[in-house]
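> Those protein sequences? They're chains A and B, same order as listed. So the first sequence is numbered by the UniProt record's numbering: it starts at 1 and just counts up by one. So the second sequence is numbered by the UniProt record's numbering: it starts at 1 and just counts up by one.
Just so you know, these hints were derived from the structure itself, not from any lab.
One copy or two, it doesn't matter: identical chains are merged, so the pair holds either way.
For lysine-lysine, the following BS3-like pairs were computed, each having C-alpha atoms within a straight-line distance of at most 30 Å:
hint	residue 1	residue 2
1	112	87
2	87	249
3	238	186
4	79	303
5	65	14
Protein chains: 2
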Amino acid sequence: MEMTEIIADIITRKESAGGLKQVYYAACGGSLGAFYPAKCFLEAEAGMLRTGWYNSNEFVHYPPKLLGRNSLVVVASQKGNTPETVKAAEMARAAGASVIALTWETDSPITKHADYVVKYTYGDGKDIAGEKTIMALLTAVEALAQTEGYENYNKFRGGVSKIDGIVKQAAASVAGRAEAFAGEYKDDTVIYTMGSGASWSSAYMQSICIFMEMQWINSACIHSGEYFHGPFEITDEKTPFVLQISEGKTRALDERALKFLRTYGKRFEVLDARELGLGAIDPSVVDYFNHSLFNNVYSVFNKALAEARNHPLSTRRYMWKVEY
Amino acid sequence: MEMTEIIADIITRKESAGGLKQVYYAACGGSLGAFYPAKCFLEAEAGMLRTGWYNSNEFVHYPPKLLGRNSLVVVASQKGNTPETVKAAEMARAAGASVIALTWETDSPITKHADYVVKYTYGDGKDIAGEKTIMALLTAVEALAQTEGYENYNKFRGGVSKIDGIVKQAAASVAGRAEAFAGEYKDDTVIYTMGSGASWSSAYMQSICIFMEMQWINSACIHSGEYFHGPFEITDEKTPFVLQISEGKTRALDERALKFLRTYGKRFEVLDARELGLGAIDPSVVDYFNHSLFNNVYSVFNKALAEARNHPLSTRRYMWKVEY
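Using the sequences and the hints, build the whole thing.
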């Protein structure tokens, strides 16, 4: 089933209960990050539909008041076996919600607690338009379009049709920069990431999933607007930052951080969505595509960094190795 | 005017427009952190009322769809002159929203764009029940109680009446531990904080306002539930953590992180709300008082740390010194 049909089916089934009124997102780590643009989309674009964005274990222990028969809960787990997320799906269904599970492993524990299972694309050469982030965005866009209506629906679909080409061209264009980045930062013990708006989450994922998890480099993800209210005091000529300059409504926040880094910092890498080609997407929807662009361009930098550091991205201390 | 009266006044004024339907929180840095428990309160306890939690500059550039005549926007600024927050208040009023400004400086720019100005307590010996965090919580609690009703209202008010005594006793009890903490961590270049639920925000404030801003120590605030999905890979016998063990619904998330740190880490400080006396507050409302407890207990540690490092908490590189 296409996402359009899945959402239509959910709406039909909820008619007798008063309709679809909430779309919640629950996941852990990188999957939670991938859900952030969808949450931002509904907060910024929806009137009646409500949303929420939760770490799965927090969702299980401290759910939103309205979770119930009028809710859709979207969960995601790469291998479909993240225990907290499996539990979140189970709990959501027990509360009367419909559950969509996004996964790469369609024969996995989470599918037992899902009404709909959607397999997303993953790995080298994948279609970016089929990735977890876009699939999650489509749950939000379709839910909005099919309930209260979404005036930019066709423009959004246009963005989806363009994103794969934009990302692949952008990724190819940064190969040389990625090598230079790896050489410059391979011995650093702390690297910050920064972003804003609906793509704050790609900075979050780069910080927690790559620098911390896969490279054991200390890191934090700083919101570009929050930077000036505390974090910027750690800026000096030595401290490294990776700064996302998004295309869309919050670009001014990112540009302000860039101006400051140019004045008081020295070691920073800038990923500018406009330079990377995202301007080809309509301004009314472009905010929601920054995440996919940044997230995939980071991959080029990350492969180079892992090689320069002789620390493969698959190295772990605890994951897959110990009980926790 | 008491908060009860302010909210009653707002509800009366909005009657002709269809009533109060959204309560949004917009601020920067520490003030944004102080708003987080109020946002969590409404997500977990409210049916009809909606909420949102925004960095002021993001709110200005990328506001929620529903911002308008049915909205209350609560803003906060210590000196009342944070430019992005002044702008957020101005923008909110232009959109037809009512604005409550929480500040310590009642003759300040932000008050020009507020319908109601509330002065909170601040500084040594302050009444904790009058602090920014509790004032913000009261906007949420009163809004809920006076619209759709809040069954634990009296229990919440009971918590407010107890919090000052609990915090002062807790702060006195950690004096010795704070000295030992300062001695142990004074030469560290990175310290992580960790928390969950409605008090994740006190870990956020400790990370961005104290370690990064006031001590120039690298830091990140890790959500206890997210820790196991990336960040925990940086755990080793050297890396320092300050872990909040909250009282209430998400305590299990914090205890799980503690168990892991006890097994694989070595250098961590634990602030346990139960040990610090928060169990005196009713379980139905206790989640919302962790933040005030942790935030104020941190102050004892921070004074000792600043002294041991010979780096006063008022030292800045950029704030008050350069344009940005």
